[in-house]
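Q: This is what each chain is made of:
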Amino acid sequence: DGGITQSPKYLFRKEGQNVTLSCEQNLNHDAMYWYRQDPGQGLRLIYYSQIVNDFQKGDIAEGYSVSREKKESFPLTVTSAQKNPTAFYLCASSIGSGRNEQFFGPGTRLTVL
Amino acid sequence: GQSLEQPSEVTAVEGAIVQINCTYQTSGFYGLSWYQQHDGGAPTFLSYNALDGLEETGRFSSFLSRSDSYGYLLLQELQMKDSASYFCAVRGGTGGFKTIFGAGTRLFVKA
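So the protein sequences, as listed, match chains B and E.
The numbering of the first sequence is the working numbering, which starts it at 1 and goes up by one.
The numbering of the second sequence is the working numbering, which starts it at 1 and goes up by one.
The following block holds chain E by itself, in its conformation from the complex (with noise of 0.2 Å):
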């Protein structure tokens, strides 16, 4: 099966850099999502790892190490628009189309 965990809370103060982990066991990996999601509205994409390394967008960073099942969410110059909740994503199965969500990270960033 999949299975994935996430710190459930992290508060950080704005203009600081939080770095959020996640572990995670799948059969057949594909790759390792970020999404975001604000209170009542929809996730929207991140960031993707599907080989090891730091993937860099913007503000964001993911990384991925493979060997160890292990990815993590790195937001610098954090914003108060930052304060959200953030879920790592594994795709796995056969043809990696079944993706699993973590149980999600919820920021507070503080003034």
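Same shape as in the complex, but just chain B (with noise of 0.2 Å):
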């Protein structure tokens, strides 16, 4: 079955310490996205990529860095210099053409104690 997957579901981790996420595609989506959703809240856009080996920062990247050097993966590094990181966080991919919807996956509530 096609679709996108991150692990782990939830993640606990002492504050100052690096965390990182994954994020693995088989839809052969060029295009991938990190999303962060705090509580009641919308999608804000963390990081982007359009293609391997490329990705641009979204509005709130300060605090996290991304690689992106196979098309099925785009992990999330969630950094000590992250000042409020406890969320949920959220990965898409999509063609990047046409009406380009984002596929989601299932999210990972990450918590910072």
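Since the hints were derived computationally from the structure, they do not count as laboratory data.
A hint or two may mislead.
[Unchecked claim] Which chain B residues stay away from chain E? Per the calculated CB distances, all over 12 Å, these:
no., residue
1, ILE4
2, GLN37
3, GLY63
4, SER65
5, LYS70
6, GLU72
[Claimed, not checked] Reference excerpt, derived from the structure (chain E facing chain B, CB under 8 Å, subset only):
no., residue
7, GLY31
8, PHE87
9, ILE100
10, PHE101
Treat the numbers as computed from the prediction; the structure is a model and nothing was measured.
Beta carbons are placed, not taken as given, at the ideal position from N, Cα and C, and that holds for glycine.
Starting from the two chains in their separate frames, assemble the complex, guided by the hints.
A: Shown next as structure tokens:
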């Protein structure tokens, strides 16, 4: 089955530790995205990638880093520089053309203690 | 930059019609999308407008007026399962890859 997966579903970390969230897709999509969602809020764009080995900052990139070494994978690292990292993180992918429908993974709920 | 405004909450009864409005500001507009998200779940795509006019997909329709920077999502024959959050999202930036979401409209459907 084609889809987009994120792991783990729940993640707990101590303050000051870096943590990497996984995102994999087998939809053969060129574009991938990372969003952050806080309770009762909309999705805020962290980073996006149009193609392998290329990515751009979204509106809230500070304290985050990404890589796009493979078409299928777009991991997000939440660094210790991110002041308020506890949130729901959603990864998405899209063809990158036409209506550019984004397909979302199930999300990772990160709690920093 | 890009920004969107939509109502925070809407309440309607089962079987009714509800309209969720969205106004936006963006540079390099490529299109307006709508997504649905149930509590604890991931957003799912509903509709997309790149040109002015109405797009119909079953019980859901979406409208766009580019000159007014305005769109709406119309939900007909409301069902209890339509209770969810609805987000408008605008594509902009270079190549239209940068997608910015509104804060979402929480729809409550009552029996």
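Q: Hint by hint, which ones does the structure fall short of?
A: 1, 2
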